[in-house]
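Number of protein chains: 2
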Amino acid sequence: MIVNIEVNKVKQLGDYVRYLSTMGIQRANSGHPGLPLGCADIGISLYGNLMKATSAKPDWMNRDRFILSAGHGSMLVYSLNYIFGYDFSVSDLANFRQLHSKTAGHPEYELELGIETTTGPLGQGFANAVGTAIESKMMAARFNKPDYNLFDYKTYVLMGDGCTMEGMTNEAASIAGSLGLDNLIAIYDDNSVTIDESSMDLFREDVKGRYQALGWEVLEAPLGTDIEDVNNKLATLRDSKSGKPKLLIVKTKIGQGLNSLLGSHKAHGAPVGAKEIAYLVENSDLKSVAGTSDQVEAQELLEKQLLTGDFFNISNFKDALGDVLEKRESYYTSWETMFNDYKTKFPKEYAELLEYRSTGLTQELRSELLNYSAKADATRNTSADVLQIVAKHTQKIIGGCADLVASTKATVKGADYITRDDFSGRNIAFGIREAAMGGIGNGLALSRDFIPFTSTFFTFIDYMKPAVRLASIMKLNHLFVFTHDSIYVGEDGPTHEPIEHLGATRLIPGLYTYRPANDMEMAFSYLEFMENEGPAVILGTRQVLNQKLFGLELDRAKAYEGFKKGGYVLLDTQTTPDITLVGSGSEVSTLLESKEMLESKGKSVRLVSIPCLEKFEEQGSEYVNNILGNGPIYLMEAASHRGNKAFYRDNILVRDITTFGMSGSYKDVSKHFGFVAEAATKEILEFISK
Amino acid sequence: MIVNIEVNKVKQLGDYVRYLSTMGIQRANSGHPGLPLGCADIGISLYGNLMKATSAKPDWMNRDRFILSAGHGSMLVYSLNYIFGYDFSVSDLANFRQLHSKTAGHPEYELELGIETTTGPLGQGFANAVGTAIESKMMAARFNKPDYNLFDYKTYVLMGDGCTMEGMTNEAASIAGSLGLDNLIAIYDDNSVTIDESSMDLFREDVKGRYQALGWEVLEAPLGTDIEDVNNKLATLRDSKSGKPKLLIVKTKIGQGLNSLLGSHKAHGAPVGAKEIAYLVENSDLKSVAGTSDQVEAQELLEKQLLTGDFFNISNFKDALGDVLEKRESYYTSWETMFNDYKTKFPKEYAELLEYRSTGLTQELRSELLNYSAKADATRNTSADVLQIVAKHTQKIIGGCADLVASTKATVKGADYITRDDFSGRNIAFGIREAAMGGIGNGLALSRDFIPFTSTFFTFIDYMKPAVRLASIMKLNHLFVFTHDSIYVGEDGPTHEPIEHLGATRLIPGLYTYRPANDMEMAFSYLEFMENEGPAVILGTRQVLNQKLFGLELDRAKAYEGFKKGGYVLLDTQTTPDITLVGSGSEVSTLLESKEMLESKGKSVRLVSIPCLEKFEEQGSEYVNNILGNGPIYLMEAASHRGNKAFYRDNILVRDITTFGMSGSYKDVSKHFGFVAEAATKEILEFISK
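Going down the list, the sequences are from chains A and B. If you read the first sequence in this note's numbering, its first letter stands for residue -3, the second for the next number, and so on. If you read the second sequence in this note's numbering, its first letter stands for residue -3, the second for the next number, and so on.
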């Protein structure tokens, strides 16, 4: 193995990490010292002796990734990244957890800072790591050539007891084992301490045995303080040709380096106090840096530093660091040399690679989506059809389903599934593991080489919500294709019929939820997703919609302008409307039918489609009021608007769903809930006659 | 072991289950035959030879439970329950998946029908089963006496590949193993077929090894058709004294009993066709019942039955059934005899048991909650305080946290945690397993002996949402105590600050979300939960609130009447208000401060608290408009109202949160988002001067 930093210097720098981490937490009076204290040496070993990555090129496409799944230990990453030259200063560390600082409470995705993903909700980082490990293999399958391993990056992920307990970690680990992701190295900080002392009593499982059963190669380091052993075992796992993902279980002691808090569960999640840090200083190489002669003196010095934020800086540890930064940079420069050769030798592949790494979409794709037209259908089929168009134009599109491809139809047709032997495919069969699918999808999106889609029934977004939220926080280009979007699921009954989900996804900042009413709006939804940064939810129906809405001959550029505003007049009336009908998705079909019924009774009717209510709202009240008009409004959505209706304007009659769904044929269920044109027409006539 | 039904008769009844299940699905033209076909014999063995339960007393408190976690195989349960005398008729089976039928697409909780819980979303039933197994042990610890095992019921849970893949199952299994739940017997229908053919390729793990690592006793039945072997192994596991939960992995073949679909993944989730069912009839004992002489004739007969719904009924199988129904009933009658003795011998315990089994709350508890008053505090502490009052008055209250008891404070003080050796405690340390916590909590609530609370940070409801939804569908008395309810979490940053969650829980039918503003509203929230059937979310703050809101001297009975309406005038003005301030929870504190500022500027201000917006809406527009008034409204909630604002009345200024949160001290974060009285006052003055 490479040893850039010798054991005694790993220890010295590890103690510096301990010092920085506990000081940052002390100053913030908030944070989790347990993990940085226990894993400081492991972190130095990883960065110094194992990983190929450099602050000189934080977005190097083949850098090894380090993901701190146990995000509450964020000071570990900040300290390490500071030491290894990323864009952090000592005062950034001293401003831990302060508003607008670079050192947020939990790591926030920012490549320039060497932070590969946002973590905090436990289990997510681990699933992200499985995603990046798959990404590495998928890119390798596409671009590597003999002697030209453009992509062979590894992912290191650090987890604690919390991540290990979370079920989504097991899902992701099962996928990793099945795919033989030998480029994934997980480290489990096994300190047997969580926040609540009693929690460990219900965590008696044999983690090693479980991971072995999941198809992992597992080693144990019985003593986290034995730096050489940890180093060697990590190197052994990294270099092992077992064809399996690897796990190192490191037995650490909570509060490593401290005095009275060593081994105490109090060291997990609260500041340890200047006295304990002074003990750390006095009992390590930090003593010579501090120049103090006893603990009292050290504590006085630290207390001053805590006031000023003027922590010891890295220049005090130049000797220990040696030329490691240069060595880390050299991994990149060697690769770059190879890459330059590659450009010359494989111009076609190089051009393809550039396409993967580009953003934006081609004029051809844009035009095809703008002008897309199809026969009336269930919009899950329309969605599948549009997905093929996008996938045809850009290889970046890959993705998969949680065992429902036959239902949601979200697949790249004609492309293979990835397998442990071949990662050149574009489809991923996640199995019935929605939570991991969400997190792995986020991991696949992190490098922005791929634009992943993930898919299941809309009601099962519930299992992947934490990942949907993180995709939104990180503005990842992750497309969520959810079908069977309302009560019209029918036979499967209430557990499978989403009710509250439409309103709930709309509430998530940074996410746009599209509920298209026809072929045109479906294509526009994909276009909007492709044109913009960030995730989107695109919804599809199980049932066939009103054929009159499909194949509309409209000025598409103009229609797209309307669509982009989230709500627009789909069909207007010549006179002042007696009623404005408003709905999304399948309800636009019902409303169109009702419109005709109302018109046959001499009523003047405007039909407004709201494919993306959030965008509609964003236009501001002038636009909204212009579209909705001043007269009576009939809002029909087969979804819950519960609570909010208290604040709705009083000229609005809302037909929403206020209970759970029912099992029955979708036509019976629709009728039961009043989501048919006859019932709508009846209540509209009553409403406007008042 | 008991053998009420001999092997050849198990086979005969099993084939009858196959027939009923495939016919029901065929007639509905919708459903999943795979599981009932594969597990029909297992089901007959379970009901006939293993379980102690009877249709004569479906709510017998010590009945063995059967939970079909793989809920899509619902026809298995309906067929079995029909055969074993529960309130189903042949025509109920023939009306599978029709509106208002007893035979919904997925099993729906209904004790009278022998359906122990609602399943469908995979993994949930398994977690419920862990919950009922804990319930059995907790009740045993409270009430069993030597020779009087009032509670020793076992839980049998049937799962397929889907449940086995789901992460929450692993969480729940880890808890089960840690607690040594030897009264839990899981059966894994290992048929290696899911909906998508490719899914199994990413499911290569060693399930047996995993469960052993989780602390389970595992046996394998290599041939699902070997009825005697399956029977014996189930009995061995049931009777084993290993002190571990048990798993039987049964290797089944998809489409058992069919011809061309035997072994085909097409047999999983779609009707198999009359021809295949005719093959089943002609190649089993059903042939003599049908009286047909070849497959063509059988098919003709079946096609007629499919039209009329007049399936073969149980009277044709009386011989096979023998006296099993009587024997099943005898388990109950023996127990009842013992129970009658118990009443006499242990009158105190018997009286206590009656209390567990009663509903409603005592006058003392009601009165204490009505008059509760406390000093200003973070409402997570107020919540904890009120929880102690409830827990003091009723032993039914038990529960736990996902490793955050130090933060959410949701614990029964002075009570023990349950352990594998002692289930008399009232607290459960779920560990960092929110998903399983939700499902286990539901399982604990099913018998209605206990009223469980489960607790974590509000943002992590995301991990338990599927269980929250099912609690709402089943109207379970499950209390969700979520704290750290908004941006005021502060330092932990965006991943830990709920934004969209308040609006999202409000949308869930049947669930009430309480966001109390002070001590009084907190006590009222608990009171409302205790007074009514169904789940509730009660939210608490991390930060201390406005002290002027605490210890208010009000006519409590009157205040409670207002509170029950979900929104009410907390502080009114003598004149027509210049502005009506509306908010919930911590924002009422801010609005009160702002009210005083506005009044100092001569403005007339009404302050409306909306602790439960759903209830407020339910009062109807007359009440709502009366409370909100006709003048300008300022609505402040540190939560997302995204999308809905497009429909809000135009005299309303909304201060909500439209992005994710930030990491920083809560005061800095509040200021950043404008959730301080100064900023509110400024924008209100601008708003009303327009």
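Everything labelled a hint here was simulated from the structure, so no lab data went into it. You may find that some hints are simply not true.
Repeated chains share a single entry, so a pair holds when one copy, or any two copies, can fit it.
[Claimed, not checked] Below, a list of computed lysine-lysine pairs in the DSBU-like style, where the Cα atoms sit at most 35 Å apart:
| id | residue 1 | residue 2 |
| --- | --- | --- |
| 1 | Lys388 | Lys283 |
| 2 | Lys262 | Lys667 |
| 3 | Lys53 | Lys141 |
| 4 | Lys561 | Lys597 |
| 5 | Lys667 | Lys271 |
| 6 | Lys341 | Lys599 |
| 7 | Lys667 | Lys300 |
Verification of the supplied hints:
In this assembly of identical chains, Lys388 and Lys283 lie within 35 Å of each other by CA distance neither inside one copy nor across copies; the values are 63 Å within and 54 Å between. Taking the closest pair of Cα atoms, Lys262 and Lys667 come within 35 Å of each other only across two copies (31 Å); inside a single copy the shortest separation is 59 Å, beyond that limit. Within a single copy, Lys53 and Lys141 get their C-alpha atoms as close as 23 Å, which meets the 35 Å cut-off; across copies the closest is 70 Å, which misses it. Proximity of Lys561 to Lys597 under the C-alpha cut-off of 35 Å is restricted to the intra-copy arrangement: shortest distance 32 Å within a copy versus 40 Å between copies.
Within a single copy, Lys667 and Lys271 get their C-alpha atoms only as close as 71 Å, which misses the 35 Å cut-off; across copies the closest is 34 Å, which meets it. Proximity of Lys341 and Lys599 under a CA criterion of 35 Å is satisfied in neither setting, with 70 Å inside one chain copy and 77 Å between copies. In this homomeric assembly, Lys667 and Lys300 come within 35 Å of each other (Cα to Cα) only across copies, at 29 Å, whereas the closest approach inside a single copy is 73 Å.
Violation of the numbered hints given earlier is confined to hints 1, 6; the remaining hints are satisfied by the structure.
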